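All chains, please: the whole structure from these sequences, using the hints.
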Amino acid sequence: MADPQDLEVVDLVKRYGGVTALDHVGFTMAAGEFLTLLGPSGSGKTTTLMAIAGFVQLDSGEIRISGRNFAGEPPERRGFGVVFQGYALFPHMTVAENVAFPLDVRGLGRAERDAEVRAALERVQLLPYADRKPRALSGGQQQRVALARALVYKPKVLLLDEPLSALDRKLRAELQWELRSLHRDLGVSFLYVTHDQEEALTMSDRIAIFERGRIVQHGTPETLFEAPVSHFVADFFGRSNFFPATARAVEGAAIRVAWEGGESAVRRTTEIAPGAAVQVAIRPHRIRLAEPGAAALTGVVTERSYVGNVLHCLVRTPAGTVVLIELPAVSGYSGAPEIGRTVGLAFDASAMVAVPEDGPAPSPGHRAQ
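Numbered according to the working numbering, the sequence shown spans residues 175 to 543.
Any given hint could be a false lead.
[Said to hold, decoys possible] Here are the in silico distance ranges between beta carbons for each label pair:
#, residue 1, residue 2, range
1, Ala-310, Ile-513, 47 to 53 Å
2, Asp-522, Phe-264, 52 to 58 Å
3, Asp-379, Glu-512, 43 to 49 Å
4, Gly-361, Glu-512, 50 to 56 Å
5, Ala-523, Gly-467, 17 to 23 Å
6, Leu-360, Glu-271, 21 to 27 Å
7, Ala-205, Tyr-507, 49 to 55 Å
8, Arg-292, Ser-508, 53 to 59 Å
9, Asp-522, Gly-467, 15 to 21 Å
None of these hints come from the bench; they were simulated from the model. Since we're looking at a predicted model, the values are computed, not measured. For every residue, glycine included, the Cβ atom is placed at its ideal position computed from N, Cα and C.
The following block contains the structure:
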């Protein structure tokens, strides 16, 4: 049974003509949790958030807190804070006036309002900017103002719709840590939408992965990364190499498969019937270089790329599979195999996981955008 303060989302359905945007979406978010809705564009994650906020009218479903169904109520009666991707600040108001706006709407007295605004701006380190207009702030500062405005009236749940997507990479990384710290200090439930796997990994207690209007897997970041239940999840949530295989026999928590590396007993995270076509997924960082003939696979290095802390190499096997491997970079290309060299590819059995074949294998290291 859910705790009285948990957010319960029950069987949300939303259709636009013949397109089903939400197909019976449901989850429970514990009070104080940081839950991320992650998926590619058009997967239903933002529609879910906007439905919870009250900006999308559902065809059916319930949104509950403390047993009360908010699904038919207007946004202002739901008590949720919302941070939009585009900040949505009032350009004619100062920073302090923007943050005070929801308190003015609620009729808070001036002294109490000013104290709450001051506290909110201190939380996001913007008190010295209280009298500035939004146009005088950087993108990161404007996003902090939007965050302070959403938190100032102490909402039960804070809804964040890709709030960092318009910022540069360095600033996004800094604000990820700030958001995580703020969440921990305030104890407010954060429901966060993003298509960025790194954001989800950095900040989330749990993640729900969306595909075509449904949640296809949810759990901790570690569970989703190490134990994907489908080809889509293994491909979208981090990089994976995929090898076509045929399931031979179930062996407890493993399944024996025939693939280009021979026959192997590999991990499985869902039911797979003998004879089924599957994909064996291996993360690039789990593969080691070895001498040809001393490993399950051999191949020829076709490309290599230095990206700072790691080296990326593409290796083509005799079966035509292009494998991405990640090697630690010590000093430039030092230690990296030359293009055209034949190498062995070694990995532990624990690095292999069999997932159902729910689509063609993508290009190496593919990440949906």
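Status of the hints after comparison with the structure:
1. Take Ala-310 and Ile-513: their Cβ atoms lie about 51 Å apart, and the range 47 to 53 Å holds.
2. Under the hint 52 to 58 Å, the C-beta atoms of Asp-522 and Phe-264, about 56 Å apart, fit the expected range.
3. A C-beta distance of roughly 45 Å is found between Asp-379 and Glu-512, which places it inside the suggested range of 43 to 49 Å.
4. Judged by the Cβ atoms, the range 50 to 56 Å given for Gly-361 and Glu-512 holds: they are separated by roughly 54 Å.
5. Range check, Ala-523 to Gly-467: about 19 Å between beta-carbon atoms, so the 17 to 23 Å window is met.
6. A hinted range of 21 to 27 Å holds for the C-beta pair Leu-360 and Glu-271, which are about 23 Å apart.
7. The hinted range of 49 to 55 Å is satisfied by Ala-205 and Tyr-507, whose Cβ atoms lie roughly 51 Å apart.
8. The hint said 53 to 59 Å for the Cβ distance between Arg-292 and Ser-508, and at roughly 54 Å that hint holds.
9. At roughly 19 Å, the beta-carbon separation of Asp-522 and Gly-467 lies within the given 15 to 21 Å, and the hint holds.
Hint violations for this structure: none, all hints satisfied.
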